[in-house]
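Knowing the structure of chain A, use the given hints to seat chain B on it.
There are 2 protein chains.
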Amino acid sequence: MPQKVRIALDAMGGDVGASVIIPGAAVSLSRHPDTEFLLFGDSALIEAQLAKHPALKAASRVIHTDVAISMQEKPSQALRRGRRTSSMWLAIDAVKKGKADVAVSAGNTGALMAMARFNLHMLPGIDRPAIAAVWPTMRGDSVVLDLGATIGGDAHHLMALAVMGGAMASVLFNLERPTVGLLNIGVEEVKGGEEIREAAELLRAMNLPQLEYVGFVEGDGIGKGAADVIVTEGFSGNIALKAAEGTARQINEFLREALSRTWRTKIGYLFAKNAFKALRDKLDPRKSNGGVLLGLRGVVVKSHGGTDAEGFAYAVDVGYEMAHYDLLTKINQMLNRNGSALVQTAPEDVS
Amino acid sequence: MPQKVRIALDAMGGDVGASVIIPGAAVSLSRHPDTEFLLFGDSALIEAQLAKHPALKAASRVIHTDVAISMQEKPSQALRRGRRTSSMWLAIDAVKKGKADVAVSAGNTGALMAMARFNLHMLPGIDRPAIAAVWPTMRGDSVVLDLGATIGGDAHHLMALAVMGGAMASVLFNLERPTVGLLNIGVEEVKGGEEIREAAELLRAMNLPQLEYVGFVEGDGIGKGAADVIVTEGFSGNIALKAAEGTARQINEFLREALSRTWRTKIGYLFAKNAFKALRDKLDPRKSNGGVLLGLRGVVVKSHGGTDAEGFAYAVDVGYEMAHYDLLTKINQMLNRNGSALVQTAPEDVS
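If you read the sequences in order, they're chains A and B. Start counting the first sequence at 1; every next residue gets the next number (the numbering used here). Start counting the second sequence at 1001; every next residue gets the next number (the numbering used here).
Only chain A is shown next, with the shape it has when bound in the complex (with noise of 0.2 Å):
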């Protein structure tokens, strides 16, 4: 991709808004300088950020509009009242109309998938959306999905969710044929639902060139890093990513607590700082911001509302990287390879 890389931001999304939305561009700006912007939301919010970042500024264009999207509303209320009009809607239709190679926005998840299948539209073959992002393990990183876009899905579900999030780990880790693991309560044959057995099957049946099955996965062979892509209903794998992330806050807070028990301890601490800044780093959960829609006819990224700039711009990069090495060319190309892969059920159909 020899042009710029042209990046939508929904410039009223999350808790803040324009004060850690622009600079939060503006950092992953200064690590991706062939990018171009474009900047939704209230205009007098937005120039006021930017003359605090030039080198943003000549690199964006603001589109002004009143309209945004609360973190409360529902995705129906939010469609009503923001279609058309709202900085998360134009957002994602810059990217609908080839004006934007992908939108990112912190705001509201419900509103920004409504919308997003709403303009977009899936992809063919891809019944429902999913959101993928990247957990750091101890092999390095891994992709995993869905992380909460849609709750259950049958083996159609599933396989769909592997060679997107094959696509996608492709694309992130420069890999061949990333490894694909199915997330369930045991490892054995015999072990999870019906539709999960089933993916399995048709995974392995299947043997497709751009994906290794690796089989079943549990919920410790995330941290483990036991394939490359962990794929699993949005329901369990919202609910594996909030209890890792609950763990490490928790375990966090016993060691803050535990260390500034004694002197001994405090003494410890001062010595061991930088180790505890490396462990800081390596969970830093800004550094995993970004989650991408997948299965949608265009990119969009998801940034968490909480995060600060420096988080936002993680989520930027996410953006980045997705558009930079093409991943919707690489997910169209993955589900036209197999021909019709995905709508295939039985593992006889296939050779």
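Hints are computed from structural coordinates only; laboratory data are not their basis. It is possible that part of the hints are untrue.
[To be verified] Listed below are the simulated PhoX-like cross-link pairs for lysine-lysine, each with C-alpha atoms no more than 20 Å apart in a straight line: (1) A:Lys277 to A:Lys266; (2) A:Lys277 to B:Lys1266; (3) A:Lys277 to A:Lys287; (4) B:Lys1052 to B:Lys1004; (5) B:Lys1330 to B:Lys1004; (6) A:Lys266 to B:Lys1266; (7) A:Lys4 to A:Lys99; (8) A:Lys266 to B:Lys1273; (9) A:Lys273 to B:Lys1277; (10) A:Lys273 to B:Lys1273; (11) B:Lys1099 to B:Lys1057; (12) B:Lys1277 to A:Lys266; (13) A:Lys277 to B:Lys1273.
No experiment lies behind these values; they were computed from the predicted model shown.
The following block gives chain B in isolation, referenced to the frame of chain A:
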């Protein structure tokens, strides 16, 4: 309960068997001297271990059997081969025949559940079993269920889990009216599958005297101690538990690495050793060992198969407490006190 607590042990269960089970029982006995044991398994192996633990020997009766269920056997296979003869079956059967108050096994989970269900039968109003365990949180401990006994389930099933988990929490934590939350992917009313929203409505409408329903809890709410009891079906419960365990292990590994990197961090480690010891103690997975099989006409406790004697002792402790405080009667009371509480399905049917 003035008389002793009688615990039936599957002395062959687990990855190792008698050489973990017997020393584990000895540790638990030292904490609860008012315990009697029935030890089922290969008497030669058991007696060899008992010789090293005279106090336990004095408090135990050994019942010999040659048949042991392996960790790999499928439930159906285990039932066929080990019914009426295996150490696992006989331990459960002692509970059924009233010769023991509780059975504890570190054996094959699927086989244990199948045998317990087959031999003890379900409680009236309960369709399917659950596994509950204690989860250490920032506020103390919570009971979390189902950790993997039953995949999926309707609103009725989730209600049953709430009532049984509530009984366990009130027994374990000595609470009049434990708080109960439903695990979900958001706290708003519209989140989650239909069965969860329906269960929430029922719990709110019924306003049971023995538990206080506090709403939806997200995955990171478990570690925060958002409720005394966290209820979810077995797939997501298992995923949450394993994801949390995996994260704890991962952080521990990162920390170990970070601390051994330079001479400064090594010195820091030496000074802060006690803090790390406290953290390790707090997070020791052995201390949360012991999952209680709920929904049966008898109490059965499942220990991790891979634990050591210290870990198995915690599972025996759980069995002791469940029997000592008469969990089963408590559950029955709860089920009865509300008349047909669990048979109700529409909120308007209850006052």
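Going through the hints against the structure:
For the given pair, A:Lys277 sits about 15 Å from A:Lys266 by alpha-carbon distance, which is consistent with the 20 Å threshold. With a C-alpha separation of about 15 Å, the suggested pairing of A:Lys277 with B:Lys1266 holds against the 20 Å cut-off. Note on A:Lys277 and A:Lys287: the hinted pairing holds, with a Cα-Cα distance of about 14 Å set against a maximum of 20 Å. With a C-alpha separation of about 23 Å, the suggested pair B:Lys1052 and B:Lys1004 falls outside the 20 Å cut-off, and the hint is violated.
For the given pair, B:Lys1330 sits about 19 Å from B:Lys1004 by alpha-carbon distance, which is consistent with the 20 Å threshold. In summary, the hint linking A:Lys266 to B:Lys1266 is supported, as the alpha carbons are separated by about 14 Å, within the 20 Å threshold. Taking the CA atoms of A:Lys4 and A:Lys99, the gap is near 12 Å; set against the 20 Å cutoff, the hint holds. Taken as a hint, the A:Lys266 and B:Lys1273 pair is honoured in the structure, with Cα atoms around 11 Å apart against an allowance of 20 Å.
Restraint check for A:Lys273 and B:Lys1277: the C-alpha separation of about 18 Å stays at or below 20 Å, so the hint holds. Only pairs whose Cα atoms come within 20 Å are accepted, and A:Lys273 paired with B:Lys1273 is accepted, the gap being roughly 14 Å. With a C-alpha separation of about 18 Å, the suggested pair B:Lys1099 and B:Lys1057 falls inside the 20 Å cut-off, and the hint holds. Between B:Lys1277 and A:Lys266 the alpha-carbon distance is near 15 Å, which keeps this suggested pair within the 20 Å criterion.
Of the pairs offered as hints, the one joining A:Lys277 and B:Lys1273 holds, with about 18 Å between alpha carbons and a cut-off of 20 Å not exceeded.
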